[in-house]
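Participant: Order-wise, the sequence lines are chains A, B and C. Position one of the first sequence corresponds to residue 14 (my numbering), numbered consecutively onward. Position one of the second sequence corresponds to residue 4 (my numbering), numbered consecutively onward. Position one of the third sequence corresponds to residue 288 (my numbering), numbered consecutively onward.
Treat the hints with caution; some may be incorrect.
In silico negatives: residues of chain B with every beta carbon more than 12 Å from chain C [unchecked claim]: (1) ALA19; (2) VAL24; (3) ARG76; (4) GLY78; (5) LEU80; (6) LEU86; (7) HIS89; (8) ARG106; (9) ALA149; (10) PRO152; (11) ALA171; (12) SER174; (13) ARG177; (14) GLY305; (15) GLY317.
Between beta-carbon pairs, the in silico distance windows are [said to hold, decoys possible]: (16) C/THR328 - B/ARG106: 47 to 55 Å; (17) B/GLY313 - C/PHE295: 37 to 45 Å; (18) C/PHE353 - B/ASP165: 42 to 50 Å; (19) B/ARG106 - C/LEU534: 41 to 49 Å; (20) B/ASP343 - C/ARG441: 53 to 61 Å; (21) A/LYS111 - C/ARG441: 37 to 45 Å; (22) B/ARG107 - C/SER514: 55 to 63 Å; (23) C/ALA303 - B/ARG54: 50 to 58 Å.
When the alpha-carbon atoms are kept at most 25 Å apart in a straight line, the in silico SDA-like pairs for lysine to any residue are as follows [unchecked claim]: (24) B/LYS74 - C/THR398; (25) A/LYS215 - C/THR398; (26) A/LYS111 - A/ALA220.
In short, the hints are calculated from the structure, not lab data. These numbers were taken from a predicted model, which means no experiment stands behind them. Ideal placement from N, C-alpha and C gives every residue a C-beta, glycine not left out.
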Amino acid sequence: MRTRFRAALMAGTAAVLGLALTACGGSDSGSGQQAAPARTLTVSAAASLTSVYQQLGTEFQNANPGTTVKFNFGGSDSLAQQVVQGAPADVLATASSKTMQTAVQAGKIQGEPVVYATNSLQIAVAPNNPKGITSLQDLTKPGVVSVVCAPAVPCGAAAEAAEKAAGVTLTPASEEQDVKGVLNRVQTGNADAGLVYVTDVKSTNGAVTGVSFPQASAQGAVQSYPIGVVNGSQNADLAQSWINFVRGQQGTAALQQAGFVTK
Amino acid sequence: MSRLEVDVAVTRGSFALDVSVTVESGEVVAVLGSNGAGKSTFLGALAGLYRPDRGSIALDGRVLDDVPVHKRRVGLLSQSALLFPHLTARDNVAFGPRSTGSRRRVARATADRWLAEVDATALADRRPSELSGGQAQRIAIARALACEPELLLLDEPFAALDVDVTPAIRSLLRRVVRAAGVTTLMVTHDVLDAVVLADRLVVLDAGRVVESGATADVLRRPRSAFAARIAGLDLVPGRSCPEGLRTAEGTVIGGVHPEPVADGEPAVALFSPASVAVYREPPKGSPRTMVPVRLAAMEPHGELVRLRAGVPDGGPGWVDGLAADVTPAAVADLGVDPGDELWFSVKAAEVEVYPAGR
Amino acid sequence: MRTTVPRFLWVPAALAWLLVAIPVAGLVVRVDWPNFLGLVTTPSALAALRLSLETGLATMVLCLLFGGPLAVVLARSSLPGLPFIRSVVLLPLVLPPVVGGLTLLFLFGRTGPVGGFLDREFGITIPFSTGAVVLAQTFVAMPFLVVSLEGALRTAGERYEAVAATLGASPATTLWRVTVPVVLPGLMSGSVLAFARALGEFGATITFAGSLEGTTRTLPLFIYLESESDLDGAVAMSLVLVVVAILVIVVSRTRDLR
């Protein structure tokens, strides 16, 4: 009871304030172990990448002694804007192609950004799926309280695309500001089902169950994760090795562990 | 018209009040006392603000103790008019009748009648903020009487008024209270209120009734120091003796007995300050009673100067507060200052000895 | 008589004023004026404005119906533990509204003790309903009414009520014909303040009631959502909210002055 309360409290607070958990990019530089040149890599990354990137950051530092990885987590939109405005960053990793395009069009990305992972929708339900939900259609059944993201935000746009593909019109009880808001409704038991990303379901460690459905892979429903080196970076080589690292074996494992589909 | 019987004891902090008073139907009784004598506590108990420790309040045998204030039919007029600020003068007066079930039209008619009674018809449509203090108090009088209370309580009703409007309001109140014939109990520290309005006086001191009686009697022949003071007389307590009165420590004050008092009975000696002569040194062989005092204060008193006595070293306590009225020329001749030791002297023929208590 | 203000107060005073005034002025500058009318009259914007006004009024009525009696009890009764009761009432003033929303959610949510009971026994679900919006707004707005009304009651004192009783007015008559009229200005400004607070309510509403056009998406929620996608629309509606707020303040201040 107590832990559930705390989990819900945290989730709710985060959802409402739109606070991403921006823990410090814990970077214990191995003090004085080696004489390798000390370098710092700055990565601007979407908030949904926080836990995966933090884990990878530690591993990257271990693999590259003398290197410190600093993260700047935030909303994809504002991160892209920051890069356009000339904020110091070596790598930009957003949660949508559209936001990445903003930076590309401003000439701030070297070459073409690559999409290295995708994230797709799942129906989040209470553990053991008490309402027996197996499809999007089931969300329209009487007595099922569903919540989605508002169409104006990316997860809502994805939900809309999936609905269209399924030929279903949902009547949600609430259209939340972000995916954490949806998750919170399901976790606190106030909604029976909510459309969230697979990674969000995984992040609850079993507090909700994810139900996959075919229309999650419909066009416009899938969230792409592009990454690119920022033009004018002083550490372009290091930035490229970070991208390779994320796309490599360790990165792929971590991303899949979190629920991403890697490419 | 109702007869009021009060017998209450109230303790508030270190102050204890224990008073028993009867007001006959239609009678106006003034409760007099100096500050701290217990007047407001007494009135508060009557109005239902304080719950008495003991005793009862009854109107014509109807016990009020457990009756909520709004059902007591006890009107209250206090020193501030406290007119409802959101109502016109007329609606203020009509408030009581309306609250006790009169129809709007009847209540307004009643209000207009009482406004006429207090000469305030022209003020009917004014708001309290547009009234002077005297005008507001007129309206308050009409408002209190329009409820036709069985008992009217007056709490220093003129204390907050300008000196120049007080006489008019005082005589107005006397007229309407007499005309209404309402049983009235007034609390005041001003003897003039009592003289004008009251049939009877009750004097409170330290929470107890020290004397009571017809207004004229009490003022002519006070039995308590407070009553004597407000009546402007000098009073010395003691016991009757053939020569007049013997004080507790043995001083004999020569005096006459207008009514028979048995030897040794508690008695008071009364005399006017004007009959007191003042000396630096006691004259030899005078038949007068001589009392040593220390001059406490001098104050103008009409054409004369009033000298207030204090207790000299080793002197008797009862001289405290005795007054002597002398001419300014006599004061100049004496050449006295406060703190000087003097002798007060009074002729036996001018001292009247009465039994104490009434 | 006019007292002289020490000169060193002018600079911080001006800064304090500018801190509020400049962002509002900035909002006016930032508004996309050519499209303003179109932006504030989209069906979604109008639905949000309408919902805000309706729930704000409902909140005001609830505050009067329940907060009014509470203020009278606080100002006039001699209950034991009155300071404790008062500090509980004031809690929403200092509590972040989000916390208020969470507490409401845990009480009235479908799994909460009260909400669960209502859901099981009567099939009534409080979250996601317009009623939930009103409940959340009442939670945060109530202290505004209670505080200003209790203040007015204390200032007025009990003298008039005591007089009314001696004139034969029962406690109920006294309440309606004396107490209420005497504290009417305080009652008015308290109600307007509660309405204004309800109008600006965001945290408790989004946490407890959710966000759905026409049902729970009030003006502040609409603006927050719009700021993610259509900044111009958000700015335009913010200005509308500012104007409504200024009107409300003006109305309540003139009441105070009377």
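Participant: Determine for every hint whether it applies to the structure shown.
Facilitator: Going down the list of hints, with the structure as the test:
Separation of B/ALA19 from chain C is adequate, the least Cβ-Cβ distance of about 23 Å exceeding the 12 Å criterion. For B/VAL24, the condition that its CB be more than 12 Å from all CB atoms of chain C holds, with the nearest at approximately 19 Å. The Cβ of B/ARG76 sits about 7 Å from the closest Cβ of chain C, inside the 12 Å cut-off, so the non-interface label is violated. With a least beta-carbon separation of about 6 Å from chain C, B/GLY78 fails to lie farther than 12 Å from that chain, contradicting its non-interface assignment.
With 12 Å as the threshold on Cβ separation, the claim that B/LEU80 sits away from chain C is violated: the shortest Cβ distance comes to roughly 9 Å. Distance to chain C contradicts B/LEU86 as a non-interface residue, since its nearest Cβ pair spans about 9 Å, not more than 12 Å. Remark: the non-interface label on B/HIS89 conflicts with the geometry, its nearest Cβ contact in chain C lying 4 Å away (cut-off 12 Å). Chain C leaves B/ARG106 outside its interface by the beta-carbon criterion, the shortest separation being 15 Å against a cut-off of 12 Å.
Distance check for B/ALA149 against chain C: the nearest CB is about 8 Å away, which does not clear 12 Å, and the non-interface claim fails. With 12 Å as the threshold on Cβ separation, the claim that B/PRO152 sits away from chain C is violated: the shortest Cβ distance comes to roughly 8 Å. Residue placement check: B/ALA171 keeps its beta carbon more than 12 Å from all beta carbons of chain C (closest about 23 Å). Interface exclusion of B/SER174 from chain C stands, the closest Cβ pair being 24 Å apart, more than 12 Å.
Distance to chain C confirms B/ARG177 as a non-interface residue, since its nearest Cβ pair spans about 21 Å, more than 12 Å. No beta-carbon of chain C comes within 12 Å of the beta-carbon of B/GLY305; the shortest separation is about 40 Å. Under the 12 Å C-beta cut-off, the non-interface status given to B/GLY317 relative to chain C holds; the minimum distance is some 51 Å. Checking the proposed 47 to 55 Å range against C/THR328 and B/ARG106 shows it holds: the Cβ atoms sit about 54 Å from each other.
Evaluation of the 37 to 45 Å hint for B/GLY313 and C/PHE295 yields a failure: the beta carbon distance comes to about 57 Å. At roughly 47 Å, the beta-carbon separation of C/PHE353 and B/ASP165 lies within the given 42 to 50 Å, and the hint holds. For B/ARG106 paired with C/LEU534, a C-beta distance near 42 Å keeps the hint of 41 to 49 Å intact. Restraint check, B/ASP343 to C/ARG441: a C-beta distance of roughly 54 Å satisfies the suggested window 53 to 61 Å.
The given range of 37 to 45 Å is broken by A/LYS111 and C/ARG441, whose C-beta atoms sit roughly 59 Å from each other. B/ARG107 and C/SER514 have their C-beta atoms about 58 Å apart, which keeps the hinted 55 to 63 Å range intact. A hinted range of 50 to 58 Å for the beta carbons of C/ALA303 and B/ARG54 is consistent with their spacing of about 52 Å. In summary, the hint linking B/LYS74 to C/THR398 is not supported, as the alpha carbons are separated by about 52 Å, beyond the 25 Å threshold.
The hinted pair formed by A/LYS215 and C/THR398 meets the criterion: a straight-line CA distance of about 23 Å does not exceed 25 Å. Taking the CA atoms of A/LYS111 and A/ALA220, the gap is about 32 Å. The hint is violated against a cut of 25 Å.
When the structure is compared with the earlier hints, violations turn up for hints 3, 4, 5, 6, 7, 9, 10, 17, 21, 24, 26 and for no others.
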